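Use the sequences and the hints to build the structure in full.
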Amino acid sequence: MLTRLLDRIRIRNAREQDGQPVTVLAAAILLLEVAWADHDISDEEIAILRSALTTQFELDGTTLDALIEESRQAQAQSVGVQPYTQAINESWNEQERFELVVNLWRLAYAGAGVDPLEEHTIRRIADLLYLSHRRFIEAKFLARQSA
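First residue of the sequence shown? That's 35 in the working numbering, and the numbers climb one at a time after it.
Rather than coming from a laboratory, the hints here were simulated on the basis of the structure. Note that this is a predicted model, so its numbers are computed, not measured. Treat the hints with care, as some may be off.
FRET-style restraints, in silico, Cβ to Cβ [unchecked claim]:
#1 Asp94 with Gly147: 20 to 26 Å
#2 Phe91 with Gln120: 17 to 23 Å
#3 Arg168 with Glu103: 34 to 40 Å
#4 Leu176 with Glu78: 16 to 22 Å
#5 Gln107 with Gln129: 27 to 33 Å
#6 Glu172 with Ser125: 21 to 27 Å
#7 Arg158 with Gln111: 17 to 23 Å
#8 Asp77 with His167: 30 to 36 Å
#9 Glu130 with Asp77: 24 to 30 Å
#10 Phe91 with Glu172: 20 to 26 Å
#11 Phe175 with Thr96: 31 to 37 Å
For each residue, glycine too, the CB sits at the ideal point set by N, CA and C.
See below:
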């Protein structure tokens with residue numbers, strides 16, 4: 035499963051795989067990576083993850099459920115975020131990457147507050163997405179305002 039997913043992500047200039055852009059799956063895995071950073075994925079975090087994916091990618095319920103299930107399986111076997119950020123960097127502009135980081139922060143603000151492990155994970159992802167420190171802080175601020 036993981037090998038198949040990584041092969042899909044490594045395909046340069048791949049626009050779609052099984053009817054979905056490869057980057058949508060990569061984004062879902064990154065969201066799950068933040069949710070799992072504290073080793074607990076709450077129902078509230080899943081709701082925020084669903085909302086972020088629906089808003090950013092305009093997915094219907096059936097597609098969303100399948101995407102979340104596939105990304106959960108891939109994230110459970112994942113050994114790092116670099117292949118996913120690479121796939122996103124190859125296809126997305128800076129604003130799209132920024133929106134993803136805002137959604138990562140919204141996910142981190144779910145529940146009792148931001149866990150230090152969640153913040154570290156978001157920082158690592160933002161760095162790999164080539165977002166400046168200013169944009170990283172701006173994303174955090176926007177997410178905190180909406181929390």
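Checked hints:
1. Asp94 with Gly147: 20 to 26 Å: For aspartate 94 and glycine 147 the Cβ distance comes to about 32 Å; the hint is violated.
2. Phe91 with Gln120: 17 to 23 Å: holds, 19 Å
3. Arg168 with Glu103: 34 to 40 Å: The hinted range 34 to 40 Å holds for arginine 168 and glutamate 103, with Cβ atoms some 36 Å apart.
4. Leu176 with Glu78: 16 to 22 Å: This hint holds: roughly 19 Å between Cβ atoms.
5. Gln107 with Gln129: 27 to 33 Å: holds, 30 Å
6. Glu172 with Ser125: 21 to 27 Å: Between glutamate 172 and serine 125, where Cβ atoms are some 22 Å apart, the hint holds.
7. Arg158 with Gln111: 17 to 23 Å: holds, 19 Å
8. Asp77 with His167: 30 to 36 Å: holds, 33 Å
9. Glu130 with Asp77: 24 to 30 Å: Holds: the Cβ-Cβ distance is about 28 Å, inside 24 to 30 Å.
10. Phe91 with Glu172: 20 to 26 Å: Holds, since phenylalanine 91 and glutamate 172 (Cβ atoms, about 22 Å apart) stay within the stated range.
11. Phe175 with Thr96: 31 to 37 Å: Holds, at about 35 Å.
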